[in-house]
Every structure is written in C-alpha cells, then in structure tokens.
Amino acid sequence: MALTLHGTVADNTAVFSRPTDKPFIHNGDMAIAQRTTSTSSVTGIQYGADRFTTQMDTFGTWTVSQASDAPAGTGLVKSFKLDCTTADTSLGAGHFGLVRTSFEGFQTQPFQKGSSDAYTLTVAFWVKSAKTGNYVLELFDTDNSRQISKIYTISSANTWEKKILNFAADTSASDPFTYDNAESFVMNWWLGAGSTYSGGTLNTSAWADNTNANRAAGVLNLADSTDNDWYLTGVQLEFGTFDENSLPKFQFESYGDNLKRCQRYCQKYTQPPLVGIANANNTYARAKMLLQTPMRAAPTATHSGTLNYFVSNSIQPTTTAFSATYLDENVAEFDATTNVTSMTAKDPITCTQNGSGFLLLTADLMAG
Amino acid sequence: MNKGIVTAAQYQKGFVGSGNVNIKATINGKTVYVPLRADNTEYQIILEWVADGNTIAEAD
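Residue numbers (the numbering used here), protein chains in the order written: chain A, 1255 to 1622; chain B, 50 to 109.
I should point out that these hints are in silico values taken from the structure, not numbers from a laboratory.
All residues carry an ideal CB built from backbone N, CA and C; glycine is no exception.
Treat the hints with care, as some may be off.
[To be verified] Listed below are the simulated EDC-like cross-link pairs for lysine to aspartate or glutamate, each with C-alpha atoms no more than 20 angstroms apart in a straight line:
1. Lys-52/B x Glu-1498/A
2. Lys-79/B x Asp-1589/A
3. Lys-62/B x Asp-1589/A
4. Lys-62/B x Glu-1587/A
[Said to hold, decoys possible] These stretches of chain A come out as covered by chain B in the derived footprint (C-beta under 8 angstroms, 3 or more residues):
5. 1541 to 1553
6. 1568 to 1582
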C-alpha cells in the first residue's frame, strides 16, 4: 500500500504523538443528542448536542437542533444547528450569543498550561451559515480568567467550509489549569456581541488576562435576520501547530464510546433501572438506580412524563409524582407516588418500559 | 455571563426526620432536583441567586 505524505515527515507523525488516547473534544461529530434533537424559542442556554450548548443574552430567538446535515466526503453525519426565528438587529452593550463546549480540570492536564512545555493548540471544525463574514472562536481559561481569540471568515453562504485556527501556548507560570472536576477550559464560538465584549481589540497573538472588550472584537451579528442560520460539526483540538496539510484526520469514535464519554455529563433514561420498595402507605415507593457511568458531580435530576412500575401481574402502578431524594456521582434515589393504593408495604417494585416519561440526570458544566 | 435563571427554589427532606437533601428548583423554566453539592452546576447557580438576595424556601 502506498503511503501519501502531506507536508513534512514531522507533520505526519502527529497522530502518533497525540498526548491523549481519545479525541480531546467530546462529541465533536455531534452524533449524540440525549436531551432533545430540536428545541424552539431558545433565548438562553440550550444543548443542541451533548457537550455543546448555546449561551445567549438578548440575542434574538432561535431553534437549536441536531441536524442531519454535514460536509460531504468526511464521514460526518450530524451537526449542531442554530436557526434564527426572531431577529435582533441592534445588540445592546452587554448582549451576546455564542455556542460553547467546556472541559473540567481533570481533562486539561495534557495542555501543560502554565509551564515552558505548554502546547500550542490547533482547533479545526466545519462550519456553514447563510451569513458570510467574520466570526470569532475564543479559548477561555476559567481557572485563571485568561483567554485568546481568533477570527475565522465564512466566505460562501450555505456552504460547508473547514476552518483551522492556530493558538499560542500559555506558558505563564502562574496560570496552570486546576486539576479538579470544575470547569477549566471553554471554547466559545461567538456569533455576535455588543460593545462590552467587542468594543476593544481582539486578543489574538498570546493568552492574556481577560479583558471583556477584547474577547469578540470584529464578530458580526448573526442575530440580525431570520434568514440566518449556523451549523457546526467535525470539531477537533490538536496539541501542536498544524495546517491543512499536516492536520490529522478527524478522530472518529464508535457511537458507544462517544455516548459513554458524554454520560459523564448527561444520562437520559426512558426506562430507568429503578428498583425499590413500597412504603407503608401503599401509594408510595422509594427506588434507586446505579448510574451507567460515574458522573462528573452529583447530578441534577429532571423527570418528565409518566413512568410505569411493576409490582405484580395485578398491580402495575404509574407515577403521579416523582422527586429525587439522594443523588451522587454513582447512584440516584427517588420517591415515586403512584396511582394505586393496593401495594403492600415492602412490596418490591421495578420500573418498566411502558411509560412515556423519562429521567434526565445532568452534571455538565453549564445548566441544562 | 448568566449560566441559568432561577425562578423558584425549595429544600427537600429525605427520610422522615432527616435534614435537607436537595433543592427542588425551577431553572431556565424547568423543574429540577439539585443536590446540595458545591460542584453541581445548578447548585452554584442557586447560590448565586441567593447571593443576589433571594431565599430558598424551607421544606414542607
């Protein structure tokens, strides 16, 4: 088999020298969308795919979705889509819109940030929009409130374009990431910003202590028309400096591996593996479940719709009320009030698959 | 930058006689159960909401 080299030999060793065994970005192909695949009337925070969420403040109204639209010839199938449904043609000073993905300190050690060995970084992604012009990608260090930004330009409307952006290393000795489960590193795709975030000069050449006005200077306003949309997929972060010749190919994961990594931050169950015991008042049960994978933190629980339970062939209650009791990284426990009074105290119950409801556990770095 | 909008919050108790174990809250329009853990994102948002002068209601 013939080998084709692009760039220099050193360039082509990139995939062998990656300091991580998995792609650094979670769900960079936007394949996983546990919460929902489409949400309308979004004006704030909404996940369009796992680990990728909007963050907006008075920036029009949007439909956020996981789209079956991706650049041809790449193997990518899904994308994160924003579609403007109510425009905002004149952004107030503190108003903004962006799409972000963020990372806990336990994942950011390969950066070697804050040392002389800190890596330069390359971020590559596919993007498409009806609105051409200049956009901003920002890398933000939450631990030390430092950042660096780059402009990228969408040249052709409604056409997938691949962008490759190079970022300097942050060797500032006083600014390493903190090794814990709190947010350390954020990637912000700015889609518009008022003067608070765009009134200065874009900070492009070196990491610097944050000055809000320098974060998104030069960004257009994607919210200025309901004709506007924006798609993102194929996001990869590489350690080192690469160009279109030397950039390693997008590192695909199997769907299962991708889901497993996302479940550290979000787990959705349409048939939660709840097993419990009826209480003495015969209408009420306490049930618990072991989580699919340990979560980043004790999760927040959301329950929607009806869950069904099985006690016996003649007693199969549904929930009329549901509340969390104990939540930690490994286990979740709930109290379920049911629609029957015929349970006997200490009856074992299990959750069955017939209900229309679901249980959502989230431990992501943004609410939602 | 706002990470979530809280419109209601109430402590929830666990077993009979136990103390508060979580907060039932409405955040970004959704009813959620939030553990009393400093590393939980929604709990951080609730604490910021309290710092702004709001109060978490006592459990029923």
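Q | Given pair status - Asp-1589/A, Lys-79/B, alpha carbons within 20 angstroms | A | Holds, at about 19 angstroms.
(Q) Checking one constraint from the list: CA of Lys-52/B to CA of Glu-1498/A, max 20 angstroms. Satisfied? (A) Judged against 20 angstroms, a Cα distance of about 36 angstroms means the pair is violated.
**Q.** Outcome, coverage hint (the stretch 1568 to 1582 of chain A, chain B; C-beta under 8 angstroms; three residues)
**A.** That given contact holds, which follows from 6 residues of the stretch 1568 to 1582 of chain A lying within Cβ reach (below 8 angstroms) of chain B.
Q | Three-residue Cβ test at 8 angstroms for the coverage of the stretch 1541 to 1553 of chain A by chain B | A | Contact hint for the stretch 1541 to 1553 of chain A vs chain B: holds, 4 residues under 8 angstroms.
Q) Are Lys-62/B and Asp-1589/A close enough, with their CA atoms no more than 20 angstroms apart? A) Status holds; Cα separation ~11 angstroms.
Q: Would you mind confirming whether the straight-line C-alpha gap from Lys-62/B to Glu-1587/A stays at or under 20 angstroms?
A: Since the Cα atoms of Lys-62/B and Glu-1587/A sit roughly 13 angstroms apart, the hinted pair holds (cutoff 20 angstroms).
In summary, the one numbered hint that this structure violates is 1.
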